[in-house]
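Student: Here's the letter readout for the chains.
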Amino acid sequence: MSDTLTAPLPGHKMPHEDYLNATYGIRSWLLTTDHKRIALLYLGSVTFFFFLGGIFATMIRIHLLTPTGALVTPETYNKLFTMHGVAMIFFFLIPSIPAVLGNFLIPLMIGAKDLAFPKINLLSWYIYIVGGCFVLYSFGTGGLDTGWTFYTPLSSVYSNSAVTPAVIGIFINGFSTILTGLNFIVTIHTMRAPGMTWFRLPLFVWAHYATSLVMVLGTPVIAITLLLVGLERMFHLGFFNPALGGDPILFQHLFWFYSHPAVYIMILPAMGVISEIIPTFARKPIFGYSFIAGSSIAIAVIGFLVWAHHMFVTGESTYAALTFSLLSYLVAIPSAVKVFNWTSTLYKGSISWDTPMLYAFGFIGLFLIGGLTGLFLACLGLDIHIHDTYFVVAHFHYIMVGGAVMGYVGGIHFWWPKITGRLYPEALSRVAAVTLFVGFNLTFFPQFILGYLGMPRRYHTYPPEFQVLNVLSTAGASILALGYLLPMLYLTWSMRYGKVAGQNPWPATGLEWKTDSPPPTENFHVTPEVTWEAYDFQNRPDLGLVAGASPLAPAHGDD
Amino acid sequence: MHRTGELYGHFETLEQQKESAALGMWIFLVTEVLFFGGLFLTYTINRHAFSTAFGIGSNTLDITLGAGNTVVLIMSSLTMAMAVWSAQVGKKKLVSIFLIATLALGTVFLGVKAVEYKQKFDHHLVPGRSFDMKYHPTHPMPGDDLKELALEKEEVDKAFAQDPDINAHGQLYFSLYFGMTGLHALHMIIGAGLLLWLIKGSFAGRFTPQYNTPVEIVGLYWHFVDIVWIFLFPLLYLIDRHR
Chain A
13 MSDTLTAPLP GHKMPHEDYL NATYGIRSWL LTTDHKRIAL LYLGSVTFFF
63 FLGGIFATMI RIHLLTPTGA LVTPETYNKL FTMHGVAMIF FFLIPSIPAV
113 LGNFLIPLMI GAKDLAFPKI NLLSWYIYIV GGCFVLYSFG TGGLDTGWTF
163 YTPLSSVYSN SAVTPAVIGI FINGFSTILT GLNFIVTIHT MRAPGMTWFR
213 LPLFVWAHYA TSLVMVLGTP VIAITLLLVG LERMFHLGFF NPALGGDPIL
263 FQHLFWFYSH PAVYIMILPA MGVISEIIPT FARKPIFGYS FIAGSSIAIA
313 VIGFLVWAHH MFVTGESTYA ALTFSLLSYL VAIPSAVKVF NWTSTLYKGS
363 ISWDTPMLYA FGFIGLFLIG GLTGLFLACL GLDIHIHDTY FVVAHFHYIM
413 VGGAVMGYVG GIHFWWPKIT GRLYPEALSR VAAVTLFVGF NLTFFPQFIL
463 GYLGMPRRYH TYPPEFQVLN VLSTAGASIL ALGYLLPMLY LTWSMRYGKV
513 AGQNPWPATG LEWKTDSPPP TENFHVTPEV TWEAYDFQNR PDLGLVAGAS
563 PLAPAHGDD
Chain B
4 MHRTGELYGH FETLEQQKES AALGMWIFLV TEVLFFGGLF LTYTINRHAF
54 STAFGIGSNT LDITLGAGNT VVLIMSSLTM AMAVWSAQVG KKKLVSIFLI
104 ATLALGTVFL GVKAVEYKQK FDHHLVPGRS FDMKYHPTHP MPGDDLKELA
154 LEKEEVDKAF AQDPDINAHG QLYFSLYFGM TGLHALHMII GAGLLLWLIK
204 GSFAGRFTPQ YNTPVEIVGL YWHFVDIVWI FLFPLLYLID RHR
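Residue numbers (my numbering), protein chains in the order written: chain A, 13 to 571; chain B, 4 to 246.
FYI, nobody ran anything at the bench for these hints, they're computed from the structure.
Since no wrong hints were added, every one of them can be taken at face value.
Below, in silico cross-link-like pairs of lysine-lysine (DSS-like), each with a Cα-Cα straight-line distance of 27 Å or less: (1) B:K121 with B:K150; (2) B:K96 with B:K21; (3) A:K131 with B:K21; (4) A:K511 with A:K25; (5) B:K150 with B:K137; (6) B:K203 with A:K131.
Which residues of chain B face chain A? A partial, calculated answer using Cβ under 8 Å: (7) I30; (8) V33; (9) L37; (10) I48; (11) H172.
To spell it out: a stretch of chain B is covered by chain A in this simulated footprint if at least three of its residues, at any positions, have a beta carbon under 8 Å from a beta carbon of chain A; those stretches are: (12) 17-24; (13) 40-47; (14) 173-179.
Here a beta-carbon is modelled for each residue, glycine too, at the ideal position from N, C-alpha and C.
Sequences and hints are given; from them, build the entire structure.
Tutor: Pasting the structure below:
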């Protein structure tokens, strides 16, 4: 195991004035236009919804300990998985990396003082909160039992749960996403520092650019679709109700036209995080920079062309099914390009096992499994057998939790020193990372087997022969919960008691690491001028990594 | 609120600020295309499935009012473009005049729409419990041309024979009519609000050849709203217009 560079260079002090202490009082936070503070506002709110979604998940897993499920009634069970999905997807996964890490880092990474539209950035957060309130109101006044997919006519006509406030809340939340994406696109186009050309951008920025394209093009479609569901429910219109001449399949097409690209909104930013972590802890430029950048755009584009792979069993024609199946296989190719390039980056690298790197390795392995099982599902014949089973549930949890959430937690750890100026306790953080990995696999791998053996998803009971696997899954969930709890505790602890990090503790090559930790409100005291390529470890003597120089030598890292 | 010509703190140059504002508005308009797009898709699929009902529904719309409104809106786009031009050449008084003209024309449009909506309500064509496509032909209202009404009754009866579920399918047409024109009208009301804000600024002399970005980007928004109507008018008003 090679040295890690988590011991801060001697003599580090917290900067005298940074964005955290520049102004005081609750108004300075709630009326801030500083992208860094807005990122922390989002951190608080997405963590809240993560907890909420986690509570629903806990109840589901406890209920499924026994085949006849004695914890909740069947109706309540429907509400549990629905609310788990809605809270996690719309209010945690979609905002998480872009709204927390993207908001914080993009201006820093491109050498700008803020995003293009700081007030719209704050507005995005408030819109998120208002949307969240509507959904919480829905949860609190009868819940939601339609599945996060809101299939009609159950959602638009027959459900007796609080559908209308929920669709209003998600509709409103969509505008938060749209405005964030718009902000990112304009910022990346117009606010790069001198010398920061497109192909010198960190891959994290490319990933968020691609994500923003999806956000901006896809989200309006779910907005209008849910609006129509709400109108149908309120005014007894008939767009999606067969009894009035409407078409439920139209709803599915409209819904999935957004919701498939939505999963790319969830994974592309995580891939961007991994593209930052791997070169840093392999001390090597990333392999195939332009291919990784291009693959992000390719995923965003092709991702819009595969939506009906969610509808193979709803009666679409064989020709349509074949087309969508083929396109779904094609969309895997750019993802594979990334995995190959990350792995190639490790070759002849100087690898260290810091916590962010552990999350990155976890990501690669789990995303690989999740992605490959997606191809199982894209295969028409096989999908007939495994559609709507736990195989699908395991597939998307491998991607969304094993992939996106690991990327999120890894990114939080990687940039924690920059955000707070402090380091977290390394030994404990590694234990937590391993706990998360073990707990995750124990929770979700049995679900692949369950699904393949035929256990349907969204059912509150199951045949008794599936009990052992279900119990394993629930046991895993408790370990997974511990893996999430530990970082929440030690990260909070570190804000006060952690070692002072200094400007560039890892060290890493991005522009964000050339300013104080935590950064001043205006990000850089002097607008930087970029004359080096991305991840160029060779030509950066300021990092102290040149052969012969001790990485612990003082002064160089403190530009 | 920043004053005319001043840089916001996070931009390096006025040029960067202007470029960002314009790009931001264009991207927002793209999202609006996708937003309305869902409705247009729903319309297309339903029109294909229920062409008879859609034809009858379309024929109940007043084509004079619709065409008139189209002209009004196109003219308002012209006055908006003139407002942008006036700002660019420094004719400050004209900026105010053209902005007020745009607002006035927009208000005329909304007024006509209100008249049309009331007509639909009176003719029992608002989706809901009292929706009935047979109502108007059998219940003449003051000011109706009785010959036209008789022709309409004939058409409706023929349609019912072809498609016994005309009322259900006709409700789909009118749901889309109110949904699409309603969403469009909402965007126009927002546009009117933006115009009021611009008029206030133009009275204060804010818009100069060096700084007229707000006029330009509200102009873009207004033109977009106009283009949506250019699509809505033929799709809703001009189906089966053979009479």
